[in-house]
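With the sequences and hints as input, model every part of the structure.
Oh and the sequence shown: position 377 is 377 in my numbering, straight run, nothing missing.
Simulated from the structure, these hints should not be mistaken for laboratory data.
No experiment lies behind these values; they were computed from the predicted model shown.
Fair warning: there could be bad hints in the mix.
[Claimed, not checked] Label pairs and their calculated CB-CB ranges: (1) A208 / G90: 48 to 54 Å; (2) S303 / E41: 55 to 61 Å; (3) A91 / D1: 27 to 33 Å; (4) D42 / F353: 34 to 40 Å.
[As the list claims (entries may be wrong)] Below, simulated DSSO-like cross-link-like pairs (lysine-lysine); rule was C-alpha separation at most 30 Å, straight line: (5) K99 / K221; (6) K55 / K69; (7) K233 / K329; (8) K102 / K134; (9) K113 / K278; (10) K291 / K278; (11) K329 / K55; (12) K102 / K294; (13) K99 / K258; (14) K113 / K322; (15) K221 / K291; (16) K291 / K322; (17) K73 / K141; (18) K322 / K102; (19) K69 / K258; (20) K221 / K278; (21) K291 / K141.
Built from N, CA and C at the ideal position, the CB exists for glycine as well.
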Amino acid sequence: DKSAVAQNLSSAGYITTSIEEAKETKRLGQAGAIFDRITLEDLTIFTRQLLTLQKSGVALLASLSTLEKQTEKKRFKDIIRDVGVSVEQGASLSSALAKHPKVFSELYVNMVKAGEASGTLEEMLSRLAEFEEKEITTQAKIKSATRYPTIVLIALFCAFLIMVNVVVPKFSGIYDTFHAQLPLPTRVLLWLSFVMRHYWYLILAAMAGVVFLFLRYIHTKSGRVQWDTFKLKVPIVGPLLMLMVMSRFARTLAVLLKSGLPVLNVLDMVSRTVGNAKVSLAVDALTVSVKEGKGLSAPMSTSGLFPPMVIQMVAIGEETGKIDELLMKVSEYYDQRSDYMMENLATMIEPIFVLCLGGMVLSMALAIFLPMWNLISIFKH
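See the structure below:
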């Protein structure tokens, strides 16, 4: 209570001016945090602004105070204020940032920590900002490349629902007036129409159950590995994902090695940030090899997962001591290749969608018009 707080402060040598009870955060406010989500763009802007203020010679506390005032999102504003309070109480910037792992990743915190230890905080912030900006660019390109396939799939699904629930029932009334044997495609289509119109709630429940079980399975360790392995084997999309994963692997490894962090810590962080469980297992194997005193290139070649270019660049980098520079070149090369593939993704996928659309239209047409042709032949006789 207030008296206990006043007594503790007094025994610590403080003079109390006012004591106010903190209000408990309401659940509605916690749910509202979903709409006040801190995005990668927000974090990049924060990093760039902090870098600019540090280059201008502004003190760290004053920089954090300025950023708190300029930030529009209340949640991020509160986090920056808390970081400033921790720094004011004597904590380092990295330890203050580590208190908010949902916003500042382990990679971010360790990069700042390395900058503090080596006196190169500005350089580390610059690398972090460049790293984040590259991630934003990649995410934007992925969204752009998948927009066309997503629209086509939604259109196909809507067309199927309209045909089954609106068009087919009208024709079923015509077919019922005749007792002739209907063709197999028509019987299948009528059965689908009947099931979807009368048992739609069971279909929705089954779909929800399948999605729930699938999401739960891929959140397990073995499930995530199998799912990520499958994604890398999907035609057209798999090679693109491999290029993006290798680019992220090379770029993250290069940035962390250049920051001066221990190799084992670097590999551990790369394993958690590479974005693919299959590749993460391969990176874990590299960690074991390094612990045994071996290099990186030999176990990379035996894993069968890393492309020859990455292995060769790592091997040359180990000999010349410029592994970070060569890995960054690898990342830039894979970025160029992935950009080209994403720009042409719609062109590569379009024939598949045309075939699917044509197959669906043909199936629907046969199912609807085959009985009519049979009935015409019956009328002629």
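Hint check results:
1. A208 / G90: 48 to 54 Å: holds (51 Å)
2. S303 / E41: 55 to 61 Å: violated (35 Å)
3. A91 / D1: 27 to 33 Å: Cβ of A91 to Cβ of D1: about 28 Å, so the range 27 to 33 Å holds.
4. D42 / F353: 34 to 40 Å: Taking Cβ atoms as reference, D42 and F353 lie about 36 Å apart, which means the hint holds.
5. K99 / K221: Measuring from Cα to Cα gives roughly 26 Å; hence the hint holds.
6. K55 / K69: holds (19 Å)
7. K233 / K329: holds (26 Å)
8. K102 / K134: Roughly 20 Å separates the two Cα atoms, so the pair holds.
9. K113 / K278: holds (29 Å)
10. K291 / K278: This hinted pair holds, its Cα atoms lying about 21 Å apart.
11. K329 / K55: holds (27 Å)
12. K102 / K294: violated (35 Å)
13. K99 / K258: holds (25 Å)
14. K113 / K322: holds (23 Å)
15. K221 / K291: holds (24 Å)
16. K291 / K322: holds (21 Å)
17. K73 / K141: holds (26 Å)
18. K322 / K102: Violated - the C-alpha atoms of K102 and K322 are around 33 Å apart, more than 30 Å.
19. K69 / K258: violated (33 Å)
20. K221 / K278: holds (10 Å)
21. K291 / K141: violated (38 Å)
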